[in-house]
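Student: Turn these sequences into a full structure, and let the hints steer you where they fit.
As they're listed, the protein sequences go chains A and B.
If you read the first sequence in our numbering, its first letter stands for residue 137, the second for the next number, and so on.
If you read the second sequence in our numbering, its first letter stands for residue 314, the second for the next number, and so on.
None of these hints come from the bench; they were simulated from the model.
Just so you know, not all the hints are guaranteed correct.
Cut-off 30 Å, straight-line C-alpha distance, at most; resulting in silico cross-link-like pairs (DSSO-like, lysine-lysine) [unchecked claim]: (1) B:Lys353 with A:Lys202; (2) B:Lys431 with A:Lys345; (3) B:Lys431 with A:Lys160; (4) A:Lys318 with A:Lys345; (5) A:Lys202 with B:Lys318; (6) A:Lys202 with B:Lys358; (7) A:Lys308 with A:Lys177; (8) B:Lys408 with B:Lys423; (9) B:Lys423 with A:Lys160; (10) A:Lys202 with B:Lys369; (11) B:Lys353 with A:Lys160; (12) A:Lys177 with A:Lys160; (13) A:Lys160 with B:Lys369.
To spell it out: a stretch of chain B is covered by chain A in this simulated footprint if at least three of its residues, at any positions, have a beta carbon under 8 Å from a beta carbon of chain A; those stretches are [what the hints assert, rightly or not]: (14) 329 to 337; (15) 342 to 354; (16) 385 to 398; (17) 405 to 411; (18) 417 to 425; (19) 428 to 438.
Simulated restraints on C-beta separations [claimed, not checked]: (20) A:Arg182 with B:Ser435: 37 to 43 Å; (21) B:Gly432 with A:Ala181: 43 to 49 Å; (22) B:Arg370 with A:Glu389: 36 to 42 Å; (23) A:Ala346 with B:Ala323: 21 to 27 Å; (24) A:Arg182 with B:Glu364: 50 to 56 Å.
Bear in mind the structure is a predicted one, so any value in this text is a computation, not a measurement.
For glycine and all other residues, C-beta sits at the position ideal for the given N, C-alpha and C.
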Amino acid sequence: MARIIAGVGTSHTPAIGAAVDNGKSAEPYWAPLFQGYEPAKAWMARTRPDVVIMVYNDHVNAFDFKIVPTFALGCASEFPIADEGWGPRPVPPVQGYPQLAAHLVQSLVLDEFDMTIVNEMQVDHGLTVPMTLLYGTPHAWPCRVIPLAVNVIQYPAPTGHRCYMLGKAIRKAVESWNEDLKVVIFGTGGMSHQIQGPRAGLVNTPFDKAFLDGLSRDPERLVGIQPLEYLRDAGAEAIELVMWLIMRGALGERVEEVHRFYHVPASSTAVGNIILESR
Amino acid sequence: MTEVKQKEEAYEDIPGTWVFDAQRARQGYHLNEFLYSLMKAENRKAFLADEAEYTKRFRMTEAQRQGVLHRDWNRLLELGGVSYALAKLAFTDGKSYQYMASRMTGMTEKEYVEMMLKGGRSPDGWRSKSERQGRA
Ligand SMILES: [Fe+2]
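Tutor: Take a look at the structure:
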């Protein structure tokens, strides 16, 4: 049986990828951030999942506004790296797992989550930056990746409750897959940040810390946070945090927090990282 | 066709922010398609060679076109541009998200980076328009 053994919450700030790609990670601005991710990298090297389910969002790279899917599941065998406007990041292409992805689609749709099936898709910093943060710079990624792209760009994003329930359905789907696999699910984006308008640069550290606490100890409280609260209290782009609730929902009731890191800033973003093992 | 006036959405009370909702996405569709085209290196080159001419390939409004030519970032947000698409225009200019965000706040990039290094902009005074006016 396949099992979701843990969840990783992490920001996916594009400037983090650019810092690595341009050899700036040891500079004073960036060093504390990369040092803060070392324990997570070590955990990943020990854990070595066979499959990563990457809950992230596309930032007008794979999808423009011709079609705006709320939940899109990547079912391809390979996902090329997008050119977001300054050339593609120099990271390996992402290997998918079409057979398992097809199984997820089947299970999720019958569980009333109407996934958009994506058979060709480029992936952007939303997916590649978490890979870089947790795996560093290998020649090939050491796991297969199933991308789950969530619309958090065009308001309204799916609610926290909907995301949490989707996470639960993902757990059920994975557990009904008849192959011994270790699966780690990522929830990415956030934490508090706003990159538009005169209010850009907003950071709400108490909000973020309470969110991390809630993931560990009281996810039901987080599920009730309304879209307007994210926008008002934590910045227009903090709505990305609903993706962390998909991750949390997929871990089952009991979790153990094994790592946490929080850092301001990376460009305009408050960066958070948490690792929760399913118990 | 005249625009139908709807009740104001609650998030319109957030100061300094243009929430990219379905109505704004509708207004900004052709603007965002133009910005999306800048993902391709050859299009970035063609745009920089003759900006006015290149923008004519897209069915933007004249106000949107002027916003693009003048890099009037906040006006472009108001007219339906989404920040992630606008960033492609900044990248085309060899700038970063951080630069674009600083321009939207009216700060220099250096001032903006300073603010972020000090922990970012506090939400206090920025949660609602009435709270903002109380401070101003
Ligand atoms: Fe994002």
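Student: Each hint: holds or not?
Tutor: Consistency of the hints with the structure:
Restraint check: the Cα-Cα separation between Lys353 of chain B and Lys202 of chain A comes to about 17 Å, which is no more than 30 Å; the hinted pair holds. For the proposed pair Lys431 of chain B and Lys345 of chain A, the alpha carbon gap of about 17 Å is at most 30 Å, so the pair holds. Using a Cα cut-off of 30 Å, the hinted pair Lys431 of chain B and Lys160 of chain A holds, with the two alpha carbons roughly 21 Å apart. Proximity of Lys318 of chain A to Lys345 of chain A is assessed by CA-CA distance (about 29 Å); at most 30 Å being required, the pair is judged to hold.
Between Lys202 of chain A and Lys318 of chain B the alpha-carbon distance is near 26 Å, which keeps this suggested pair within the 30 Å criterion. Taking the CA atoms of Lys202 of chain A and Lys358 of chain B, the gap is about 24 Å. The hint holds against a cut of 30 Å. Our distance criterion of 30 Å between C-alpha atoms is met by Lys308 of chain A and Lys177 of chain A, whose separation comes to about 27 Å. With a C-alpha separation of about 13 Å, the suggested pairing of Lys408 of chain B with Lys423 of chain B holds against the 30 Å cut-off.
Distance hint between Lys423 of chain B and Lys160 of chain A is fulfilled; the C-alpha atoms sit about 18 Å from each other, no more than 30 Å. Using a Cα cut-off of 30 Å, the hinted pair Lys202 of chain A and Lys369 of chain B holds, with the two alpha carbons roughly 20 Å apart. Restraint check: the Cα-Cα separation between Lys353 of chain B and Lys160 of chain A comes to about 26 Å, which is no more than 30 Å; the hinted pair holds. A C-alpha spacing of about 18 Å is found between Lys177 of chain A and Lys160 of chain A, which places the hinted pair at or below 30 Å, so the restraint holds.
With a C-alpha separation of about 39 Å, the suggested pair Lys160 of chain A and Lys369 of chain B falls outside the 30 Å cut-off, and the hint is violated. Counting residues of the stretch 329 to 337 of chain B whose CB falls under 8 Å from any CB of chain A gives 7; the rule of at least 3 is met. Remark: the stretch 342 to 354 of chain B is confirmed as covered by chain A, as 9 of its residues place a Cβ nearer than 8 Å to a Cβ of that chain, reaching the required three. Remark: the stretch 385 to 398 of chain B is confirmed as covered by chain A, as 6 of its residues place a Cβ nearer than 8 Å to a Cβ of that chain, reaching the required three.
Residues of the stretch 405 to 411 of chain B lying with their CB closer than 8 Å to a CB of chain A number 4, which satisfies the three-residue condition for coverage. Counting residues of the stretch 417 to 425 of chain B whose beta-carbon sits less than 8 Å from any beta-carbon of chain A gives 4, enough to reach three: the coverage restraint holds. Check result for the stretch 428 to 438 of chain B against chain A: holds, 8 residues qualifying (beta carbon to beta carbon below 8 Å, three or more required). Look at Arg182 of chain A against Ser435 of chain B: about 39 Å separates their beta carbons, and that is inside 37 to 43 Å.
Checked against the hint of 43 to 49 Å, the pair Gly432 of chain B and Ala181 of chain A fails, with Cβ atoms roughly 32 Å apart. Our hint of 36 to 42 Å for Arg370 of chain B and Glu389 of chain A is violated, since their Cβ atoms are close to 54 Å apart. Between Ala346 of chain A and Ala323 of chain B the beta carbons are some 22 Å apart, a value that agrees with the proposed interval 21 to 27 Å. Evaluation of the 50 to 56 Å hint for Arg182 of chain A and Glu364 of chain B yields a pass: the beta carbon distance comes to about 52 Å.
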